[in-house]
Structures are given as structure tokens and as C-alpha cells.
Amino acid sequence: MTSTVTPNGFALDDAGQRVVVDPICRIEGHLRIEVNVDDDNVIRNAVSTGNMWRGLEVILKGRDPRDAWAFTERICGVCTGVHALISCRSVEDALGIDIPRNANSIRNLMMLAQYTQDHLVHFYHLHALDWVDVVSALSADPAATSALQQSISPWPKSSPGYFRDVQNKIKRFVESGQLGPFANAYWGSPAYKLPPEANLMAVTHYLEALDFQKEIVKIHTIFGGRNPHPNWLVGGMPCTLNINDVGSSGGVNMVWLNQVSDIINKSITFIDQVYIPDLTAIASFYKDWGFGGGLSAKNVMSYGEFPAIANNYTNESWMMPNGAILNGDLSTVYDVDPRDPEQIQEFVTHSWYKYEGGDPARGLHPWDGETEPHFELGPNAKGTKTNIEAIDEGGKYSWLKAPRWRGNAMEVGPLARYLVAYARGQEDIVAQVDGLLAALDLPVGALFSTLGRTAARGLECSWTAHKMREVFDDMMANIKAGDIATANMDLWEPATWPGVAQGVGFGEAPRGALGHWINIADTKIANYQCIVPTTWNASPRDPDGNIGAYEAALLGTPMADPAQPLEILRTIHSFDPCLACASHIISPDGQELASVKIR
Amino acid sequence: MPAQETFYEVMRQHGITRRSFVKFCSLTAAGLGLGPGYAGKIAHALETKPRTPVIWLHGLECTCCTESFIRSGNPLAGDVILSMLSLDYDDTLMAAAGHQAEELLQQTVDKYDGQFILACEGNPPLNEDGMYCIQAGRPYVEKLRYMADHCKAIIAWGSCASWGCVQAARPNPTRATPIHKVITDKPVIKVPGCPPIAEVMTGVITYMLAFEQLPPLDRQGRPKMFYGQRLHDKCYRRPHFDAGQFVERFDDEGARKGYCLYKVGCKGPTTYNACSTVEWNGGLSWPVKSGHGCLGCAEDNFWDKGSFYSPVTNFGVMGGAEATADKIGGVLAGAAAVGVAAHAAASVVGRMTRGKSKETSHD
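So the protein sequences, as listed, match chains A and B.
Take 1 as the starting number for the first sequence in our numbering and just add one per residue.
Take 1 as the starting number for the second sequence in our numbering and just add one per residue.
Source of the hints: derived by calculation from the structure; they are not laboratory data.
Check each hint, because a few of them may be wrong.
[As the list claims (entries may be wrong)] Once the Cα atoms are required to be at most 20 angstroms apart in a straight line, the calculated SDA-like pairs of lysine to any residue come out as: (1) LYS41(B) to SER136(A); (2) LYS524(A) to ASP304(B); (3) LYS41(B) to ASN184(A); (4) LYS171(A) to ALA39(B); (5) LYS171(A) to THR48(B); (6) LYS181(B) to ASP300(B).
[As the list claims (entries may be wrong)] Label-pair distances were calculated between CB atoms; the ranges are: (7) PHE285(A) to THR48(B): 37 to 45 angstroms; (8) LYS266(A) to GLY283(B): 12 to 20 angstroms; (9) ALA153(B) to ASP335(A): 51 to 59 angstroms; (10) LYS23(B) to TYR162(A): 31 to 39 angstroms; (11) LYS266(A) to SER20(B): 47 to 55 angstroms; (12) ASN74(B) to ALA361(A): 50 to 58 angstroms; (13) GLN106(B) to SER284(A): 57 to 65 angstroms.
[As the list claims (entries may be wrong)] From the derived model, a few chain B residues whose C-beta atoms are all more than 10 angstroms from chain A: (14) ILE16; (15) THR17; (16) SER83; (17) VAL109; (18) GLU142; (19) TYR146; (20) VAL182; (21) TYR207; (22) GLN213; (23) LEU217; (24) ASP218; (25) GLY221; (26) LYS234; (27) ALA243.
Glycine is no exception: its CB is placed at the ideal position from the N, C-alpha and C atoms.
Assemble the whole structure, with the sequences as input and the hints as a guide.
Written as C-alpha cells, this is what we have:
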């Protein structure tokens, strides 16, 4: 290759030093990134390799469709429940099942709680250490830290003594010489820009957020019995509402409703008084670091999420809208239809799969998809099959496929959702975005960056926390009006189903667009397929050479020291990778399980 | 577990001089950007008892075990990680990446050979030379075997590590294999569940630290104190089972009154776990309490035992609270189980039998 320009407009040059980062830590699953840097240590080529494959769709064949939510929920324990919900939607779509209004509200509450917890944990525990220097916090003045905190937030845990206690705790930890998860990292790197006081504030909130996140998910525990991996139900929700009668402890009663309400209030307070002020403060020190935009300035997509109207999965109902933007033209937003075989296709030219017969470079819609695992390294790879030193991106190089929308590589996730909602002029989102940009004195273009992705996730976390209040109040009004139904069991029995049915469940996971496509034959799953957010973002190249969002976002980024991959981590983490989600197989329609070749 | 040697003692035994040790401490302090005063403090800490190192590996999994672990209310996950043990490697949480992360594995082996706990989340796939799960360019199973060679004991977190779980459900395309079938020369403590309860996870590990011994295990390798009894026998809905009051379908009158979920598929009668006693997320609720039957997620191969909505038929109803996993397991192995035949469906039994034979053929 050496030097080339991709059809989607990115210049690649693999002449310089190759840097390998494997594993990328602080993510879900196993991911490898390789880059080439030029003489000025600027990234000129980037390669994203999905390092795992589990084969869940193969496993689903022949199962009871009503069980599919439990299998697919285990695709991911970080965005727990998300796949379960989309799975229920796919079965309900195939069988024509309408869910009750309360079930829709409860599902929305659970999904909103998931977003709120997931985004919070991502910011503090998976991403913050890319911006925050833990060791620098040791030299902070607790009084100055207190003053900083009190200047940006009314959060009560802000006294000098409090910060001194936390600082002493960190000191004792460091002095022990056993640095645990903070060992061998990049502390002291010139890429860190925060003053010691901001570092101490952020590290303190790292600890507070770790304690608080477990409260948010109790909404799952109340409605779904536990977290991670709460229970769901095709046709509604398994929990019952019993407000008035004997035995109400067998259902969601006033005690539990009060608890949900309390969790919502506490979540709003924590997000708005801790997360958002921290995000704004940290961003203000990194305003000059505008790298990492990649595909976000060109192509973004959202399927839409949070139906305000039960069983209506269109923009009439979505509280977070559906849409796609191409070539950065915010004046035109296209509708996205996951059913349309012309819109969504997957390619395997650079993936460790092969298509049987026909053109091996063709794209297939999930309802017609086929896959056979086919692990082979490209001719220019370095090392051996079981000891890869360098990937050859000219050949097959990832366990992820390359999904495309109308042939385009798309970025998905919080920034994509916010750009779609902003472009559609949704007032609450526009107000949030304009407010943050004004506070930081930045133009709209600043959103197309690593920091823009991180900021959109924070804004969305606040949006979902507040949205829980709205959904909860609406549900209470519905209960007050006498409706306590939580499940529609009319079509529960397989005897009531048609011989053949096909459906799609789609929506937005915290990390982006998520779709499950199901074919049912003789009451069993004949085919089940998922395209998940990280498959879009971490996608390898397609047959035309278009690069995906991870690879695009890394280009042009200068590294302070190529031996320390801090800048790579910063940008890759801004997508919140989830590789267990991304690594999948699609099996051909009607193909027998045995045809999956196992060597 | 014998008392741990200090890092300093281990270094001296490896022929490292006091002078080199002090230099190491200075370099560690300098590497962290700390002043020279910190070198003495680090030296002091290393000369006294260290926190037990834990290496937490991830194979094929979904990270629900880690997510569950950080939900622990007592003790708080932050306190466990920062004060009770030393989490020296965990790719989900650690700040370092790439070769800086992988170096820590060898450092732990060098410093704490035979002393560290290996916590395994997920399992290794064995097909395709192990390359269905690649870490640092190599098969995960290699890393697992190497670290297992040098550890003191293994905790198999969750049903993936304990039994295989969802990716090992038939036809198990990657040949995902539980830890005890790959590592056979080290104690393996199974903490099954998909995921396990947070406080059970922190309970098991703090038990090992506090009492300096492995927890007593049942015949299947699970800590007896948490996996010794059936959910069914401590279920708060059990009186409804005994009275014949069942939920006939979801959201019916019986469901709203908290009747027994047996007929809509609850696997509590065949599941050994602490959900009905410890409960979830700070003791707030658990699946049965919130209206859905137990999936049986702590049991071996629970994915291949028929639909989650088909009633179980092969359990002893008379076991009662005295029926431990070992006793019931023995009965089931030796003779036909006393079933609740009235609710049995022939198709369920057929499906279960088919599942079993498939499982064996892929084992």
C-alpha cells in the first residue's frame, strides 16, 4: 500500500513505524489496534482487529423464540438487558404481539437506567484515566480542590477535609508499592493536562461513582429481579403491578415504586452535580486536543430508541430519533429502515469468515446472511498463526464483519445520536448541546472529535436520568387510571403462531445502533442474526477499502510517545468498545448446525 | 493458605541484594513521578505483609461477572480492590494496555510465584488452535495455562468458567471449555451463576483472605456455604407450591398474588444457589421475587435443559431444607427421581434428553 486515499476520503500511509496495542484494556472483550506513525509520531494508518468469536447465533438455531432474550442477553453483561429487550422486540414483531402500555414504560425505565449506569461507569472507570493522572492527585492542595469543586457544583461532598481523607487513602495505596490496576501506566506523561487539584477531584469521583453506580441498577432488580442480567418476557414484562390487593408483595407495590422514584432522584442529582461538572471541567483543559473526529464528521446513524408510544417504533414515537447523516451534511437526515435489504448489508472480505458460492465480496442483508468462520492471516502478516506479531490489513484481519448502510461505513453511538437529534432540531437535545458549547466557548464543529464523543455521552447520561422521571410519572398516571397490565399473553402459546414468521427488533444500545433479525419456522428459531454497535464502529475494511469509525478516528493524531499508547486509548475508549457484543456469526437460512465447520 | 512471604523476602531468596532492593524502590518511586521520600515508604511496605495479589483473566465471556462484582454493597468493590487485595491484572479495569499490561503478568509470576490467586472470568475456546479468543496475538488458553502453572489457587467466576455457559451451549461451535477441564493440577473454586451474586463473589474472596484457607467445597467444587441448598427449599413462595397455588400464566391473578412460578418454568427446584437467601443487589430482590421463574443459571449446562418456560420434572419434592446438592445429586445419579409427574410434559423430557446427548458429543 504505502500511501493511498480510501473511497470514504481518508489518507492512509503505512510506511512509518508500526505500533501494536494488544490488549486494549478498560473495554469489554478483546480488541487489538495497530497503527503506523510518521517521523513526527503522527498516526497515518490504523488497523482494528476484533479478537474474539463466540458463535451465539448458531447456538440459537432450533431454540424456542421465547427463550432467545435470555441467550442474547448474555452477549453482553456490560450493556446488560439491552440485547434481551431488542430480542423481545424481534419476536413480538415476527408474531404480531402488542405489549401493554405499562410494559413499555417499565422497559423504557430499565433501558434508561442502563444508559445512565453504563455511561457513568464508562466515563469514570473505563475512560477517565486517559485524561486524569492519578499520581498527580497526590500533590494537590485539598483546600484548593475544595474551592474548585465548590465553584462548579453544589455537590455537598466538597470540604477540604474530605479531599484530604481521599488523598491520604490514595497516598497509603501508592506507598504500599502494590499499585494494582494503576501499575505500569502512563502517569506523568506530557499528554496529561489537568492541574493536580482537578486530578484529585476526578479521582475522588472515580471512587464515589464506583459506589453510586450500583444504586442505579436497582431499578433492574425491582422490575427484573436482579442486575446484571435481569429477566424480560416476550409480550411484556414478567413483573406484575399489584397496588391494592392481598399478596401485593408478589408484585410491584407502592414500596417498590417509591424506591424506583427515589433512585431516579438520586441519579439525576449525581449525574448533574458530579458527572456533568467534571466532564465540563476536564474538557476545558483539553480544548486544544481536537483529534479523533474520524467518521463522525461524515457519516453517522441512529435507529432510534425509547418509544413514547407502546409498539410504535417510528419517529412519531422515538424520544431519541432515528436517522442517518451522510458526508457531514446536517441539513439532510435520512430515515433508516433495518428491514430494507438495500440499506443494511455485511461484508466479509477482510473478516475471518467466508461466503459460499457467488461473489465473495458481495454484501448480504441479515435476513439473507451467511457465514462460515475462516481464520487465515494475510500474506504480509508477521509471526505465526498462534503468535501474531503484526496484522496484514490487506488480507482477512478481524473476527468482526463490516456492516454498511447503503454502502457507507457509519459511526454509531451517543455522538451519532446527538448529531441526528441535533440535525432533526429536537429541542431538548439542541438546548443541551448549545449550552455545553457555549460554556466551553466552542463551535459546533468541535463535536467531531474524541472529546465530542465523550461529551455527547455525558449529556446523554443526564438526558436519560431526567427522562426516567418523565417515564415514571407517566406510568404512575396510567396506573392511577386503573391500568395494571404488564404482559399480553394472547399469543404466548406456540400453537397460536403461524408456521413461518420473520421479524426485526431494533433500537439503540448505549454504544449505538442494535438490530436482531429473526426467522421462525415450526415454532422454533430457524435463523437469528445480530448487528451490534461495536461491529459498526470497530469494523474492518470493506471490499472497496472504506475504513470504519475506529480506524478513521485514529488518523492524524500525534502521539507524545509511541511507546505509550495514551492517545490511542483515549480515542478508542471514547467509543466505549464492546467486543463480546461485536463478535458474531450469521448462519445461512435453513442451514444445518453441522455445516459450521470446526477444525 | 500459609502466611505470605513479603516481597522483600522473596527478592532476597532470589539472590537480590539489599542494595538492589533499595534501588528498585527508588526506581519505582521515580517511575511514578514521586519524590525520593517515597522510596523509603515503598521499601517499608514491601518488607511487611503484602496484600494478596489477584490476577483476573477474561476469556470468552460477557463481563457480567465483573459487572456483578462491582455491585457488591458489603464489602464495597472499591474497598476490596484498593484495600483488601492487590488486583495486579484485570484488563477490564487496569490503566495500562498493550505490552505495559502484559508485562505485569510476568512481574507477578516473578514476585509471587505460587502465591497469587488466579481469578478466571470466561473460558478458553479450544477449536481453531484457540484463536477464537486472541490476546496479545496468542491464544487465550496459553496465557491461562501459564498463569495457572504459577498460581496458588483458581477462582472460576461464573458459569462460563465453571461450566462453559452460553457459548458452550450446543453445538458449542468454538469448543468453549470450562477451567477445570483445562487446568487439572490446581484447586479450582467454582462460583457459578450467570452472573454470580455480587456479595457471594466478594464473600468467597474475602473468606480466603480473612481465614487464610480455601472455602469448603461440595463434590462439584462449589463453596458449600453459598451453593449447598436448593432455591426451592428457601423460596418465600414455597408455601404456595405446597398449597398447590400456581401462576398459570404471566400477569394473571396468581402472579399478582405472588403464587408459585413452577408451572411457568421456574428452575428453583433443581438449582443450587443463594438467590432466595442472600438475594440480589443488596438483598433487594431476586428473579422469583420479581415475578419470573429461575433460569437455573448456576447449574451445569442450564442452556440445554429445555425451554425456560417448561416446568422441571426431575427433582425430589421431599428433599426439604436438608437436601443438599450432594445428597440430591447422589439420589439422582443412583435412581429415578421422584417427579412432580402431574405437571410433566413428554416433550420437555424428550428435549432434555436430546440436549444431554448433544452436550456429551461436543464435550
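Verification of the supplied hints:
1. LYS41(B) to SER136(A): holds, 18 angstroms
2. LYS524(A) to ASP304(B): holds, 14 angstroms
3. LYS41(B) to ASN184(A): holds, 19 angstroms
4. LYS171(A) to ALA39(B): holds, 13 angstroms
5. LYS171(A) to THR48(B): holds, 17 angstroms
6. LYS181(B) to ASP300(B): holds, 13 angstroms
7. PHE285(A) to THR48(B): 37 to 45 angstroms: At roughly 38 angstroms between Cβ atoms, THR48(B) and PHE285(A) fall inside 37 to 45 angstroms, so the hint holds.
8. LYS266(A) to GLY283(B): 12 to 20 angstroms: holds, 18 angstroms
9. ALA153(B) to ASP335(A): 51 to 59 angstroms: holds, 56 angstroms
10. LYS23(B) to TYR162(A): 31 to 39 angstroms: holds, 37 angstroms
11. LYS266(A) to SER20(B): 47 to 55 angstroms: About 52 angstroms separates the Cβ atoms of LYS266(A) and SER20(B), which means 47 to 55 angstroms holds.
12. ASN74(B) to ALA361(A): 50 to 58 angstroms: holds, 56 angstroms
13. GLN106(B) to SER284(A): 57 to 65 angstroms: violated, 40 angstroms
14. ILE16: With a cut-off of 10 angstroms, ILE16(B) remains clear of chain A, as the shortest Cβ separation is near 15 angstroms.
15. THR17: holds, 18 angstroms
16. SER83: violated, 8 angstroms
17. VAL109: Since the minimum Cβ distance to chain A is about 14 angstroms, VAL109(B) lies beyond 10 angstroms and the statement holds.
18. GLU142: Label violated. Min Cβ-Cβ 8 angstroms, cutoff 10 angstroms.
19. TYR146: Holds, since 13 angstroms exceeds 10 angstroms.
20. VAL182: Given a closest Cβ separation of 16 angstroms, the condition holds.
21. TYR207: For TYR207(B), whose nearest Cβ neighbour in chain A is about 20 angstroms away, the distance exceeds 10 angstroms, so it holds.
22. GLN213: holds, 22 angstroms
23. LEU217: For LEU217(B), whose nearest Cβ neighbour in chain A is about 24 angstroms away, the distance exceeds 10 angstroms, so it holds.
24. ASP218: holds, 23 angstroms
25. GLY221: holds, 22 angstroms
26. LYS234: holds, 16 angstroms
27. ALA243: Since the minimum Cβ distance to chain A is about 13 angstroms, ALA243(B) lies beyond 10 angstroms and the statement holds.
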